[in-house]
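Novice: On the provided structure of chain A, position chains B and C as indicated by the hints.
What follows is each chain in one-letter form.
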Amino acid sequence: MTVDGVTVTSPLISVRDMRVTYGDRLVSHVPELDVYEGECVALVGESGSGKTSALLAILGLGDFSGATVTGTVLINGVNVVDAPQAQLRRVHGTAITLVSQSPQAALNPTMRLGRLAKLSLKQHGVRGHEANVRIADALARVVLPDEILKRYPHEVSGGQAQRFCIALAVALQVQCIAADEPTSALDVTVQAEILRLLDELRRERNMAMVLVSHDLALVSTLADRIVVMKDGAVVEVGSRDEVLHSPKSDYTRELLAAVPVLGVTS
Amino acid sequence: MTADLLRADGVTLSYAKRAVVHDVSLELPKGPTGVALVGESGSGKTTVARALLGMIEPTSGRVMFGEMDVSQFSRSERAEYRRTVQPVFQDGTEALDPRMTVGKALAEALSVSPDAHLRGAARASRVSELLDDVGLDGGIVDRLPHQISGGQRQRVCIARALAVRPKVLLLDEPTSALDVTVQAKILDLLRRLQHEHSLTYLLITHNLAIVESLCSYTAVMFAGRVVEQGPTREVLLSPSHPYTASLIAALPRMGGQIPTAVGRADVGFAESGCSFRMRCPIAIDACLASPELASIGGRHVSCFRANDVNGDPSIVNSKEVTP
Amino acid sequence: MGRYLVRRLAQAALVVVGVVVLTFVIVRLLPGDPAAAYAGPRASPEDLARAREVLGLDKPVLVQLGMYMSGLVRGDWGTSLHTRLPVAHDLSIAFPASLELVGTALLFAVAIGIPMGLLAARYFGSPVDGGIRLGSMFVAAFPVFLLALIVQNLFATKLGWFPVAGEYDSKLDATSPLHLYTNITVVDALITGNWPIFLSTVHHLILPALVVAAYPIGVVTQMTRAAVSEESSLDHARLERALGFTPGQVLRRFSFRPSLNPILTLLALIFAYSLVNAFLVEAIFNWPGLGKYAVESIRSLDTAAVAGVTLIVALAYVLANLIVDIAQTFIDPRVRLS
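Chains as they are written, first to last, in the working numbering: chain A, 786 to 1051; chain B, 1374 to 1696; chain C, 71 to 408.
For reference, chain A alone in the conformation it holds in the complex:
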């Protein structure tokens, strides 16, 4: 889109006054948030901050946990907050998909990985040879052997399962990955692998990312912008450097001070 001769990219995800409630209880409120192509925005907070509820609501899956979501979340022109199922198909697995906290539990226990990959592509009209090529390419990209397609989730390691979930996003060619604590169930060495992979995909394919994490240090290595949440409210939004080096809220300062650092005994 061009305004006065200047190219303006419209955001991939546009959140306005999004509220997530369970009954009368407001668990998450995001007044305003835009996510652009190739950008990594992180939602950081402790338990009860509402960061995961916010992520699910942004995904249009607020109903999944029985929450009520109000406000607007525009993805690809669809307001996922109240879109009918037919429209959500233009969003889920097309514009955005999920990478979960416990990768093995996120995969159906009774389904071989290959079948899940094929069904997922078929759901978006990709079949036969093209589906096979896309799956093979995606596996190659996340450095998993083809042989993994014959396995069940319990037959692969946590790191492999997470790579496979990312491969699904790659094969579906989504524009954005919503990652819910994608590495907190993994060993630190595997975590580093997954973070690298996510970062590379972002650079190569201009993929956007909404990352939820409790780990400020982790977030600080990956995110362009950081949203700090506490008790369901956004307490600070800023670029990574702003939040790390000149935090405005006391809570952000407290959070920064609490992160243990190797080589610095407090």
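Hints in this document: simulated from the structure, not taken from any laboratory. It cannot be assumed that every hint is accurate.
[Claimed, not checked] Straight-line alpha carbon distances no greater than 16 Å define the calculated EDC-like cross-link-like pairs of lysine to aspartate or glutamate that follow: (1) B:K1558 with B:E1502; (2) B:K1558 with A:E1039; (3) B:K1540 with B:D1505; (4) A:K1015 with B:D1552; (5) A:K1015 with A:E1039; (6) A:K935 with C:D402; (7) B:K1558 with A:E831; (8) B:K1403 with B:E1569; (9) B:K1558 with B:E1546.
Specialist: Coordinates of chains B and C only, in the frame set by chain A:
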């Protein structure tokens, strides 16, 4: 030698004829001090801790409690030993009986402690002393575990362990279920208790950043073996084993670059020779043989290239990976 | 897998031995003297003693147990006092008829209960769900004999849509005699192509089978609803939604299969329960199954026959469980590990 409270002496544990822990020797000195066991899941660190706790018997090797072999204990000696070595687990929700109030949980622990004879007011004052020790308000005694926060539950678990006046606390990922701000407070508490009660900590964790504040000595385990052990500052700040170096390189640092992934964790480990060689970026032909855990300076390292690593974690970024 | 099977078979064998011992003990605890029943009401003390000898009642208990067990293995399940025929023979006629009835009932339970459960899970918490839940509770709680009488009176006697009683029209025995292989009429008629008897049997089966199926339909509906909606709330269902599958697709394609295991376990339990529950229904619809035989045996203190009925129900239960356990390993790959 006799100053050690608890010692693993060449402990090997096998299941179905496969060694899951291989020839581990570790000394827990008298407190206040701490020994950390670090390594990824499946490295055998929890199994070693369970052996030290007397929950499982080594296939070979011994666990020594002072001068006594733990496997030779009489029933009363075992009870005494169980009391001396108390565990604190990751998740207070699972460790506490959901139907038992905090007060009851502490009273139950007291009943097997040297203070079991206390009655009435004396017992109540011991309970409030314990709560005070872990920074909890006396009013919490009537609460059930689900009525208090995660940090408070972990404090209750610590108080319950202290109730029996132990000498060793086994801390199994004591803060990994907690928020960072709570974690910082629990670490402060543990550090204070360590000195006030002269406790020895055996800390099992994957979080290297919390090791330093509680433990002066660290053992790094990979695939059931200790690959490097020594004073924490030396091991974690200038590692000599490429695995230790890779763990440190993988830690995300505030505001830093994406952490470095060394090799691929899912290639597993080698059954013969150096178990880390398949993931090792600096493996050489010599690594087809098994390295001994050799003493280098103040620490023990099992690596043929320890002198090349020599405290430089960035060596794991080098590209000389042999396929 | 092989080891799992062997272990499972060994367990089943152990249960069978346990049941045999138990039936032996229970039968000995039953009131009344089988020797007196055997010898008849006007027996002299000598007659009684002889009866005792014939029945082996004069031997030590353990010897009697040994005789009983070795007899079972050889196919000698004793002789029925009231039919004066071998118990094994009586059961080979009565049991298949019960199996026919209960098997059909379970087919109904699966064919009706599972779709109902899926529907309720899909519209969880909605009026549809509420209606199905209420209905399933009602049919499961309704007393089976009352249901049998109402259904028989309405659909057979009043409306005349179905025959009132019996297994098939006995006049057909003359016009198109049935060749027996399995003793399960509907199966034998089907494999020998005896259509008149097949159709007549199906016609006779529907009412009693539906009555027996009432309870299974109710519980299968509820179990399917619970298991599928639980499965649909798990992490994997969230990912499946995020990949672009609709809630309905998640339910049918992704959540149903992992939910099948508890449903199958339940079916095995219901099977054994229904075999016994069907006794009353068999009596009302004059179905030539175990029910009639069991009642006669109990009434005439026919210990061998009572033991035989108990044993065959237990065996059927053990076998059903075994089949379910094996089926589960094919449904859920995780079961193969444990």
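Novice: Indicate, hint by hint, whether the structure satisfies it.
Specialist: Evaluation of the provided hints:
| no. | hint | result |
| --- | --- | --- |
| 1 | B:K1558 with B:E1502 | 19 Å, violated |
| 2 | B:K1558 with A:E1039 | 12 Å, holds |
| 3 | B:K1540 with B:D1505 | 19 Å, violated |
| 4 | A:K1015 with B:D1552 | 12 Å, holds |
| 5 | A:K1015 with A:E1039 | 12 Å, holds |
| 6 | A:K935 with C:D402 | 15 Å, holds |
| 7 | B:K1558 with A:E831 | 14 Å, holds |
| 8 | B:K1403 with B:E1569 | 13 Å, holds |
| 9 | B:K1558 with B:E1546 | 15 Å, holds |
Violated hints, in rising order: 1, 3; the structure is consistent with all others.
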